[in-house]
Structure formats: C-alpha cells, structure tokens
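> Sequence:
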Amino acid sequence: MMLSMRVEKIMTRDVLTVAPDTSLKDVARLLIANGISGVPVCGANGHVLGVISEADILRKEEGVSPELARPLAWLVRQLDGELAKISARTAGEAMTAPALTVRPTQQVSEVAQLMIDHRINRLPVVGADGLVGIVSRADLVRAFIRSDEEIEEEIRTDVLLETMLLPPGDIEVSVHDGRVVLGGRMSTQQDAEVLERFVRRVPGVLDVEVDVRWSAGDSFLERHAGSSRA
Numbered sequence: 006m007m008l009s010m011r012v013e014k015i016m017t018r019d020v021l022t023v024a025p026d027t028s029l030k031d032v033a034r035l036l037i038a039n040g041i042s043g044v045p046v047c048g049a050n051g052h053v054l055g056v057i058s059e060a061d062i063l064r065k066e067e068g069v070s071p072e073l074a075r076p077l078a079w080l081v082r083q084l085d086g087e088l089a090k091i092s093a094r095t096a097g098e099a100m101t102a103p104a105l106t107v108r109p110t111q112q113v114s115e116v117a118q119l120m121i122d123h124r125i126n127r128l129p130v131v132g133a134d135g136l137v138g139i140v141s142r143a144d145l146v147r148a149f150i151r152s153d154e155e156i157e158e159e160i161r162t163d164v165l166l167e168t169m170l171l172p173p174g175d176i177e178v179s180v181h182d183g184r185v186v187l188g189g190r191m192s193t194q195q196d197a198e199v200l201e202r203f204v205r206r207v208p209g210v211l212d213v214e215v216d217v218r219w220s221a222g223d224s225f226l227e228r229h230a231g232s233s234r235a
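When you read off a place in the sequence shown, starting at 1, and then add 5, the result is the number in this note's numbering.
It is possible that some hints are incorrect.
Unchecked claim - Below, simulated SDA-like cross-link-like pairs (lysine to any residue); rule was C-alpha separation at most 20 Å, straight line:
| # | residue 1 | residue 2 |
| --- | --- | --- |
| 1 | Lys14 | Phe149 |
| 2 | Lys14 | Ile150 |
| 3 | Lys14 | Glu115 |
Hints in this document: simulated from the structure, not taken from any laboratory.
Please build the complete structure, drawing on both the sequences and the hints.
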C-alpha cells in the first residue's frame, strides 16, 4: 500500500516505434535523428514484441571475433542468442525479447527499481490494448525535481484525501526546497507514522518533519477497510 507517483503521470505518450521488419540501418537513423537510445518493436496490432537499443545494434557491428571462432565459444554464444544478433538485419532479429514492460498504474518507485536491477534506460508502458507510452530514466529524474507546489498538491490530493481518507484541513502541509512539514491532528500515533512513510515516498521529497498530535479514533486501516466495503 506504499504510495508513490504513478507511471501514467510522467510517461511519454507519443512513442516512436518500429516494426519487426524495419532494417537496422533505418532503426539507427531513427535513434540518431531523435536523440534516443532505444525504441519498442511493435506488431501490427500494437502489441510490444521487444525493444531494440543502441546496444543491440552494436552487437551487429561487433562481428565475429577470433575468440568467438573457437568451437566452444561459438556454441556458448549461439545458445545465448548472441550470434543471431550479430547476423541480424532487421529490428525483429536484433531486438531484446520478450520486452520487460510496466503498467500505467505502477508506482514510479517500482519502475526505478526495475531499471536499476535490469540495467536498462527505458520501459514500454502497456495497457489493455497495447502500447500506451514509454518511461525513461530521464522521466524519473524530471519527476524528482518537481516544484514545491506540485509536491504539496500530490501530498494533499493523493496522500491525505485519496489514500488516508482524511478530511481537507485536518493536516497542514508546507513544502520548501523538497522538505515537507506536516502539522495537525490524527486519530492514532500509528496513523502519524504511516503518513510520514507515505509522504517520504512522494517523488521530489527530500525530508519530512512531522508535528502531529493524535487522539482516540478510527485508525487509517479501519477507515480504509470501511471505504473498501462501501
């Protein structure tokens, strides 16, 4: 239940794509002309088949080295698909597949972790009917440097109102240079702790100071359960 900005808020919706039969030279021209390092490879129905990047094209330029010519090395590279990429002529032959994708509703923090774990720079965003956008490391960085006003609005709307179901005005919020100060009254100490954790997950927040009092009342979990039943 940890809150974070959703991918749909920062993704690029106008996505450049190529077809599986697009030549590698045309892919390279597209990447250079648009200053990007990779694009999704999509079928006629718009579904993502894979992703082709500069690294995939560089494998083609690598060629067959003397080391690769040794029988055992050749077998190993053949088994892991490297030789197929070296001999590739089209995007479909050189792409990395299946593509690792994310959903529009996934949290930005999840996407950042995927990029780090898999050492990739971009992820196609896929909805029910296929590709709906793409999110890159640059998009994540831009989300982190949002203005104080944008951060405050997300805390008020997404955290306090929609997630914790708190009436407007119960909690005072101020943001300065990414540092958040929260004041007011909550039902329990546990709620105050949950609020702090949620706010710390908002992209762009550097620190959180909580000056919140609490008194007996329904906790966050009880309010959330009641809302779900409704």
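> For each hint given before, does the structure comply? Return the numbers of the non-compliant ones in rising order.
When the structure is compared with the hints, none of them turns out to be violated.
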